[in-house]
Amino acid sequence: MRGRRLRQSLGRWLSGVGLALLVICSSLSVGAEDVAVPISLQMNLLLKVASYDKNLKQRAGDRVRVAVVVRSNDPDSGRSAAQALKALAETEDVEGLPLDRISMTYTDAAGLARFTHEGNVSILYVTPGFSETEIDAMARALDGVSVLSAGALAKYTPLGMVLGFDLAGGKPKLIVNLGRAKRQNVELSSSVLKLVRVIE
Amino acid sequence: MRGALTLRTLALAAALAPAAGAQDTSELEGLLDQDVVSAASKVPEAASTAPAMSVSISADEIREHGIRTIDEAINFLAIGMQIEKLYFNGEIGARGVLLSRDAGAHVLLLVDGHAVNEAWGATAYFDRGTGVPMEMIDHIELIIGPGSVLYGSNAMLGVVNIVTKRSKDFSAAHVIVESELPINLRAAVGYGRNFRLFGRDGEIALELDHFEQKGPTIDFPTYEAEPDAVTGQPRLYSPEQPPGIWGGPGDDTATIRGSSGYLRLRLDGLEVGLRGVHYRRAYPTDSGNFDDPDSFVRDRWLSGDIKYSATLSEVLQGSIRVYADHYDYRQDWGSYAAADCLPEQMSGCMWRLIGRANWAGVEPQLSIDWLGNHSLVTLLGVDGRIKNVGSNVNFYSYVDGVSPGPIGAFEKDEQSLGAYLQNTYWPASFLGLNLGARLDVDSRFGRALSPRAAATLLPWVGSTLKLIYAEAFRAPTAWEVYYIDPRSWVAGGSDMEPEGVRSVELSLEQRFGSQRVFAGVFESWWEDLVLVQDLSEDELASAIEREDILPGTPTASQPRNVSEIESYGVNAGYYGALASGAMRYGVSVTHAVTRISGPDGSSDRVPVAAPTTGNARISYSLPGFWPTLALAGRYVSRRPTDDYTPELPLFVGAQVELRAALSGKLPIDGLSYRFSANYASRHLGPYGVGSTYPADGSPRPLIPVDPFRIGIGLQYDLFP
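For the protein sequence lines, the chains are A and B, in the order given. Every letter in the first sequence is one number past the one before it in my numbering, and letter 102, counting from 1, is 102. Numbering-wise, my numbering comes out as the position in the second sequence, counting from 1, plus 200.
Treat each hint with caution, since some may be false.
[Stated by the list, open to error] As a list, the in silico DSS-like pairs of lysine-lysine whose alpha-carbon atoms are at most 25 Å apart: (1) A:155 - B:414; (2) A:194 - B:368; (3) A:86 - A:48; (4) A:194 - B:865; (5) A:171 - A:155; (6) A:48 - A:155; (7) A:194 - A:173; (8) A:194 - A:48; (9) A:173 - B:612; (10) A:173 - A:54; (11) A:173 - A:86; (12) A:173 - B:414; (13) B:368 - A:155; (14) B:368 - A:171; (15) A:155 - A:86; (16) B:865 - A:173; (17) A:57 - A:194; (18) A:54 - A:194; (19) A:86 - B:242; (20) B:865 - A:171; (21) B:242 - A:171.
[What the hints assert, rightly or not] Label pairs and their calculated CB-CB ranges: (22) B:400 - A:197: 24 to 34 Å; (23) A:103 - B:630: 19 to 29 Å; (24) B:382 - A:182: 31 to 41 Å; (25) A:178 - B:301: 55 to 65 Å; (26) A:110 - B:785: 47 to 57 Å; (27) A:199 - B:224: 40 to 50 Å; (28) B:512 - A:117: 28 to 38 Å; (29) A:194 - B:865: 33 to 43 Å; (30) A:197 - B:625: 29 to 39 Å; (31) B:914 - A:62: 50 to 60 Å; (32) A:178 - B:516: 49 to 59 Å.
In case anyone wonders, no lab produced these hints; they're calculated from the structure. Just so it is clear, CB atoms sit at the ideal spot from N, CA and C, and this is done for glycine as well.
Start from the sequences, fold in the hints, and give me the full structure.
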């Protein structure tokens, strides 16, 4: 008897919780973006990989400018950008060149390419929150622009970012889109490419 | 000869050294070799800065070293933890503390964050009974030291979090067959893929496996055992031996049958986990009859977990988790001895224990990133749970198969609520603080508070200095609180309190390129540990007066919070990689001085717990289709056996176990193999075996250890 009461009580209780869960899920547009590798570690990796780019100094001139690309009104993007900028602030130079960090609110791909070219940006870091279409558009717009583009999410790399970050086996992994790297004048040595997963 | 050796040495050095003109990538290798853990503070972070001693064992390491179970992974590849094999079951300890026969209740086992330790006896297995197919494991996180601050009960020695693979790392259909020749066979099928549903990214990964083991036949020394306490006559242990003789060949001693399945589904911020386990194994020589094929232990789990995570604003992240679990336990324990059975069962009986638990809960959690840049974060959550636990014991007569009725039956509805708060603050880039506490209120035992304070200092490049204080508890089990046997056993009752532990530790880690060295010191104080105590004459009289115990009962026992442990020691490790990560190696050692004390205040060694443990490993991945070669070894120092007493100080000598493994791909696309060989230098373990003590007063024989075993495995990945 008591077992039946417990089951009924449990059933009501779980139904209530399930209903509440459904309401919460449906009221939110999307769930949290899955940034597998902590942003601060991504920044360390990004700057370290950049230091191995044979064309960095030629591209940067006297200062390395890192632009963090933010999607307006996207909380995941905003949070990640703030973390990235904070982590970048803890590094003073890359390969002996002083580091500038800037935030860039994304409007369209052409604008991003123009900003990169005119602002002499050496490294672009794209935060979470962008759609596949937008990443694809960014990649097309950056074609021929000399810049190391990196994405916070692993799925951005096959879509057109040069560098991506993933987590497997509890360790960070780097993904390099070699085709994009060539089109964006990024040249990494074979010893670096041995350590990353290369996609064409 | 010397010249050939020199040439070989030069060739090896050339292979490992960077090519002329190549960039030094050791710093990048070091960054890529950092462990990222999420169990220490419920957010992904570098293990070096996590507010607890944290270790991660990767799927690559598991595969390369021919690891088949969690206990092997911990023994060969982790630091600080020790698993002893009681037959083929693992008993887990850490830093010099191992509480034998606790069924894993002092370590919290998580599978993708879902607590496995069940609500009846807090059981968690770290062997074949874990119930997560090994191929699905992405990595195993070990949080060593008290960890109740975010998880509640059971995290006294630490937390083991099994993180399963994302579908990207498990894509394709998988067929796996492996065997430790010729005693067992395991077969598994799995599948993983990404998909799009309603415009959202989704992924699924699942695997089902089945394992059968029969053997090896273990030759136990025979001895003349004490006579039956009721009849005064030699008792029969086995139809294959004359009455009064225990031991002989045990061909049913290592019989195991297990099936498990795990499914992980993700759709945007929604995660679903389903796990089912059926685990049946022989347990015939602990007591009762010898090598009785009808004696066994069986556990079954069915668990479901649904979690939804959302970013609510740049400052707020939230999640809600709903979970439900079923667990049941059955132990059949046969004895031909009248002394082990009810008064009218003179020809023996089958003792059957049934335990069960159902529990469900909801855990909302909120993270507030006050400055929006992750430097000041508050995590708060509430875990509300309802539980139903029950148990009973029956003695089925060997004559007619009938039980006169259950003994000690109970069924209880319980509720618990845990609320936790954690603040992480990095006031400067070189200093991190983590302060947190969890309050658990439970209808079974009252309340328990588990605080933690950790400071992380990064004093110079590549170094991490950590100072950690933490507390944890283990709730008394339903068995300890409720079980009654009017002929012999008084329930612990409402006087039972949670076991508690406090710990302080200091550690330093230094990275230089792809090399890493770690050293730490620790001390822990355990209190209110549960021991089974005999009632005094006055207590027995009062129990009879209360009608807890039948009149005329000569002795009775009761579980009580009467024991304490103090442990202190050091641990150290060195890990590194060369040749662009193709060669990996590591060595670790832990030494602890541990003393356990009873109600009389006397203190002594902890049985089975080894003062010194360590391991070393190296692997080298040859290029292309050539295999990966791996060698691992573990060392466990001389330790007291489980029959150890101050009056009879019994020890077993040090154990060295070696594991060589070979793994790689075969010429057929998608087909890969593993081959391993395991050797144990000492053929005896730290457990006494035998139903009763030998009649001549000598100690019980020690448990035999499987000395040498070869394993092979094949995996075929289809439709990648």
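Verification of the supplied hints:
1. A:155 - B:414: It is violated: about 46 Å lies between the C-alpha atoms, which goes past 25 Å.
2. A:194 - B:368: Judged against 25 Å, a Cα distance of about 21 Å means the pair holds.
3. A:86 - A:48: Holds - the C-alpha atoms of residue 48 (chain A) and residue 86 (chain A) are around 17 Å apart, at most 25 Å.
4. A:194 - B:865: The hint holds at about 19 Å.
5. A:171 - A:155: Measuring from Cα to Cα gives roughly 17 Å; hence the hint holds.
6. A:48 - A:155: 21 Å, holds
7. A:194 - A:173: 12 Å, holds
8. A:194 - A:48: It holds: about 15 Å lies between the C-alpha atoms, which stays within 25 Å.
9. A:173 - B:612: 49 Å, violated
10. A:173 - A:54: Since the Cα atoms of residue 173 (chain A) and residue 54 (chain A) sit roughly 21 Å apart, the hinted pair holds (cutoff 25 Å).
11. A:173 - A:86: 22 Å, holds
12. A:173 - B:414: 41 Å, violated
13. B:368 - A:155: Given that 25 Å is the threshold and the Cα spacing comes to 10 Å, the pair holds.
14. B:368 - A:171: 15 Å, holds
15. A:155 - A:86: Between residue 155 (chain A) and residue 86 (chain A) the Cα gap is close to 24 Å, so the pair holds against 25 Å.
16. B:865 - A:173: 22 Å, holds
17. A:57 - A:194: Holds, at about 22 Å.
18. A:54 - A:194: 16 Å, holds
19. A:86 - B:242: Judged against 25 Å, a Cα distance of about 21 Å means the pair holds.
20. B:865 - A:171: 23 Å, holds
21. B:242 - A:171: 17 Å, holds
22. B:400 - A:197: 24 to 34 Å: Between residue 400 (chain B) and residue 197 (chain A), where Cβ atoms are some 25 Å apart, the hint holds.
23. A:103 - B:630: 19 to 29 Å: For residue 630 (chain B) against residue 103 (chain A), whose Cβ atoms are near 25 Å apart, the range 19 to 29 Å holds.
24. B:382 - A:182: 31 to 41 Å: 54 Å, violated
25. A:178 - B:301: 55 to 65 Å: 57 Å, holds
26. A:110 - B:785: 47 to 57 Å: 51 Å, holds
27. A:199 - B:224: 40 to 50 Å: Roughly 25 Å apart at Cβ, these two residues miss the hinted range, so it is violated.
28. B:512 - A:117: 28 to 38 Å: 36 Å, holds
29. A:194 - B:865: 33 to 43 Å: 19 Å, violated
30. A:197 - B:625: 29 to 39 Å: For residue 625 (chain B) against residue 197 (chain A), whose Cβ atoms are near 35 Å apart, the range 29 to 39 Å holds.
31. B:914 - A:62: 50 to 60 Å: 58 Å, holds
32. A:178 - B:516: 49 to 59 Å: For residue 178 (chain A) and residue 516 (chain B) the Cβ distance comes to about 39 Å; the hint is violated.
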